[in-house]
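With chain X's structure known, arrange chain V on it following the hints.
Those protein sequence lines, which keep their order, are chains X and V.
So for the first sequence, the working numbering puts the first residue at 1; every next one is plus one.
So for the second sequence, the working numbering puts the first residue at 1001; every next one is plus one.
To be clear, the hints were calculated from the coordinates, so they are not data collected in a lab.
It is possible that some hints are incorrect.
Here are the simulated BS3-like pairs of lysine-lysine, each with C-alpha atoms no more than 27 angstroms apart in a straight line [unchecked claim]: (1) V/K1254 <-> X/K273; (2) X/K249 <-> V/K1078; (3) X/K192 <-> V/K1078; (4) V/K1134 <-> V/K1266; (5) V/K1352 <-> X/K217; (6) V/K1047 <-> X/K134; (7) V/K1270 <-> V/K1246.
There are 2 protein chains.
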Amino acid sequence: MRIVVDAMGGDHAPREIVKGAALAAAEYDIHVILVGDQTLIYQELKKLKDYPKEKISVIHAEEAITMDDLPSVAVRRKRKSSIHEGLKLVKKGEGRAFFSAGNTGAVMACAKLILRPLEGVDRPAIGAVLPNAKGHSVILDIGANVDCKPLHYLQFAIMGSAYAKFVFDKENPTVGLLSIGEEDLKGNESTKNAFNILKESPIINFIGNVEGKELYKGKSDVIVCDGFAGNIALKVSESAAWYIGKLLKEELTKNFIRKIGAFLLKPAFKALKKRADYTEYGGAPLLGVNGVCIIGHGSSNANAVKNGIRVAYELAEKRINLYIERNIQDSLKRLKVDKVESFWNNIKDKFKKITSE
Amino acid sequence: MRIVVDAMGGDHAPREIVKGAALAAAEYDIHVILVGDQTLIYQELKKLKDYPKEKISVIHAEEAITMDDLPSVAVRRKRKSSIHEGLKLVKKGEGRAFFSAGNTGAVMACAKLILRPLEGVDRPAIGAVLPNAKGHSVILDIGANVDCKPLHYLQFAIMGSAYAKFVFDKENPTVGLLSIGEEDLKGNESTKNAFNILKESPIINFIGNVEGKELYKGKSDVIVCDGFAGNIALKVSESAAWYIGKLLKEELTKNFIRKIGAFLLKPAFKALKKRADYTEYGGAPLLGVNGVCIIGHGSSNANAVKNGIRVAYELAEKRINLYIERNIQDSLKRLKVDKVESFWNNIKDKFKKITSE
Chain X
1 MRIVVDAMGG
11 DHAPREIVKG
21 AALAAAEYDI
31 HVILVGDQTL
41 IYQELKKLKD
51 YPKEKISVIH
61 AEEAITMDDL
71 PSVAVRRKRK
81 SSIHEGLKLV
91 KKGEGRAFFS
101 AGNTGAVMAC
111 AKLILRPLEG
121 VDRPAIGAVL
131 PNAKGHSVIL
141 DIGANVDCKP
151 LHYLQFAIMG
161 SAYAKFVFDK
171 ENPTVGLLSI
181 GEEDLKGNES
191 TKNAFNILKE
201 SPIINFIGNV
211 EGKELYKGKS
221 DVIVCDGFAG
231 NIALKVSESA
241 AWYIGKLLKE
251 ELTKNFIRKI
261 GAFLLKPAFK
271 ALKKRADYTE
281 YGGAPLLGVN
291 GVCIIGHGSS
301 NANAVKNGIR
311 VAYELAEKRI
321 NLYIERNIQD
331 SLKRLKVDKV
341 ESFWNNIKDK
351 FKKITSE
Chain V
1001 MRIVVDAMGG
1011 DHAPREIVKG
1021 AALAAAEYDI
1031 HVILVGDQTL
1041 IYQELKKLKD
1051 YPKEKISVIH
1061 AEEAITMDDL
1071 PSVAVRRKRK
1081 SSIHEGLKLV
1091 KKGEGRAFFS
1101 AGNTGAVMAC
1111 AKLILRPLEG
1121 VDRPAIGAVL
1131 PNAKGHSVIL
1141 DIGANVDCKP
1151 LHYLQFAIMG
1161 SAYAKFVFDK
1171 ENPTVGLLSI
1181 GEEDLKGNES
1191 TKNAFNILKE
1201 SPIINFIGNV
1211 EGKELYKGKS
1221 DVIVCDGFAG
1231 NIALKVSESA
1241 AWYIGKLLKE
1251 ELTKNFIRKI
1261 GAFLLKPAFK
1271 ALKKRADYTE
1281 YGGAPLLGVN
1291 GVCIIGHGSS
1301 NANAVKNGIR
1311 VAYELAEKRI
1321 NLYIERNIQD
1331 SLKRLKVDKV
1341 ESFWNNIKDK
1351 FKKITSE
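Next up, chain X with everything else stripped away, as it sits in the complex:
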């Protein structure tokens, strides 16, 4: 299987991307197509001592979208970017999945433009798998859509449910809404309106609000939120984990006895770090587009890139989008609605006051 990788995206591109791609090519049954500035990519490849040359190819892209580029502008002005070129390869069937650790908004805008959204999806969303006390949950959106209308939360809930069914093998995944209080009435204008729509939607298994303090308790299989809140939740978790690790290190080296204790616990800390380390997850899929598109953390190192490419490979092999699309269709059948469009129109009619805002 051929996986297309944006060599120019991310804080440590192209170095860590090329390294990660080489690791992935060596480890998995895939061929990696690196897209970007070919001079820079070959420079990086040359630095690697040992990698499967026959499993990596390079496609040149004249431009690169930076983290500073405004997505709405970059998508139109930088049409020869590595993101555009890479997604076009997937569109043409020359690659089965796309991975980028670059500008999230730009990846999403380009994916919408080039791969096109699935039928019935206005806003593709990035879904991340989070570990929790009971197992795992999917949280979406985590950064593709910073400002959302109430109806978008329902689209996220439907896509998230399909994804949770798929990756957790659960029959009827529960859906919670990230908010600031457990009570139905709490939240901001968006989430309060979204709550009303979610509550009335038989197509999902909605259980109510999930507070920030419950994020890692495993209260629901799917957690929906706008991209701003989701991004804050995810990144703050990362920062909190980092800070606790720092405090722990300080405490463990304060005296000799503690140093002995810390030595005995080295394997435990290593295991803990692995369990909490985002680079092990590698990437989050952009759900709701016609094609597999995985978005990596901006600060991805080679290991994170390798894992991101693995996620792309697995989801492409399992045909995640086909599954989501079928899931939406099945739900419509259950609701006795013939077309996706009519389904959304029904909801819009029912919640005219909320959705027109």
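This is chain V only, laid out in the frame that chain X set:
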């Protein structure tokens, strides 16, 4: 000094509140006035074996605002609530500060109604002190104002700066805006507009966006955000810390050697827990009202209540509000503006497009 305490607010009220009040009365040079259902309060007091009876008094309030009450409704319909009665005591000068672990929105609405906002403040905000790698920072708002206009962020920045000067003894505290990217262009509609206003305001020392992943890095002394994002950031941190603690416990008990290591590190873990434990902070002040009003965590236990009362005592003693008011006035003088109102009007004129939205 007399401190007024809402005995009915919080998940464990009145039991933990009464216990915490008794602990505070015993430890600090204060007199505590417990406000709420007197039958319930006396029942709880009776259960305590030993407490300074002469340092605690009870004032009856007929009603109690629950966590489920909608603040805007409760503030008008439950005028005899413990929150109303307690704040009235502070207004009349019968208490120097108010503490509640109850419905945050209701405390804020009642405080605005009864204590009144400081001149030039539309939206009082809750400011929490967060530990970080370099020391501490103030984050506001953390839940009083879920939907904010761009101008409110500037008010938060001014109040937060005054508070940071006050508690950290810093001359010109730096201010960051909580957002989803370091780059100026990133954020949602609100934060992008707020960014433009903050950037152009010489009254504060603005350094740009602070990402979620930088929350505990100590990038700025003050972090401004709307109450929804602030609440998510704070509560998710709590959840992440809880989850890491859980994973750690699992890892530390996996075999005999690890158990020995864990035994040797018991004091280190205890110290760590203390450093990361929110109950040690106790409460966060509602900044921008005429009076000291401290809001505790909804799930406050007796220890958290005790610490919250200590915070109320300290801030009342140091006359925090007078300080914030003076700070605003001083800034205006520097800007050669005579009245607070003219200051806001100037900004509104300058950012007409943004602020009219």
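| message | For a quick check of understanding: which of the numbered hints are violated here, in increasing order? | response | Failing hints, ascending: 2, 5 and 6.
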